[in-house]
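**Student:** Sequence:
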Amino acid sequence: MRDMTSGVQLKRAISPVSVADTTAQVSQIIDRQGYQALTFLIATGAIADADATFTVLVEHGNDSGLSDAAAVADDMLLSQLAGTAPETAAAFQFDDDNEVRKIGYVGDKRYVRLTITPVANASAALLAAVALLGNPDLAPVEQAAA
Numbered sequence: 619m620r621d622m623t624s625g626v627q628l629k630r631a632i633s634p635v636s637v638a639d640t641t642a643q644v645s646q647i648i649d650r651q652g653y654q655a656l657t658f659l660i661a662t663g664a665i666a667d668a669d670a671t672f673t674v675l676v677e678h679g680n681d682s683g684l685s686d687a688a689a690v691a692d693d694m695l696l697s698q699l700a701g702t703a704p705e706t707a708a709a710f711q712f713d714d715d716n717e718v719r720k721i722g723y724v725g726d727k728r729y730v731r732l733t734i735t736p737v738a739n740a741s742a743a744l745l746a747a748v749a750l751l752g753n754p755d756l757a758p759v760e761q762a763a764a
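Numbering (this note's numbering), first residue to last: 619 to 764.
What follows is a set of in silico ranges between Cβ atoms, one per label pair, in the way DEER data are often shown:
1) T640 / S682: 26 to 36 Å
2) D621 / A738: 36 to 46 Å
3) A642 / D755: 26 to 36 Å
4) P758 / A668: 43 to 53 Å
5) D755 / A638: 39 to 49 Å
6) Q698 / R630: 19 to 29 Å
7) A742 / N680: 35 to 45 Å
In short, the hints are calculated from the structure, not lab data.
Keep in mind that this is a model prediction, so the values were computed, not measured.
All C-beta atoms, glycine included, are put in the ideal place defined by N, C-alpha and C.
Based on the provided sequences and hints, a complete structural model is requested.
**Tutor:** Have a look at this one:
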């Protein structure tokens with residue numbers, strides 16, 4: 619069996635949160651330095667609102683504060699569903715309780731962030747996101763706590 623643990627680094631993107639309005643949930647800025655692969659993993663919990671939808675946006679840039687942030691083109695993203703636009707496939711709605719989504723980044727910018735924006739959400743929706751960095755320049759990788 620092959621070891622995957624020694625070749626990946628996990629970074630907190632969006633800490634577990636209960637969203638009860640339409641405030642966009644913006645991830646930490648993920649620094650890709652030393653890694654050739656990035657996938658965002660999104661987890662939902664209970665979504666109470668009966669008509670809420672949640673859109674996904676990935677932005678990238680070369681400034682550490684993402685002052686140069688630009689939306690990532692679909693050809694630099696990997697979809698979890700063949701034939702479906704990546705950000706569309708990663709989006710979710712009111713009846714997607716306790717599910718997971720993923721969206722991969724294959725662009726060439728150093729810094730990347732994820733934004734999840736609720737629409738028509740007036741009740742608690744539980745969500746979180748993690749950045750999975752892979753294909754490290756140096757392995758094995760020791761997991762940082764932050």
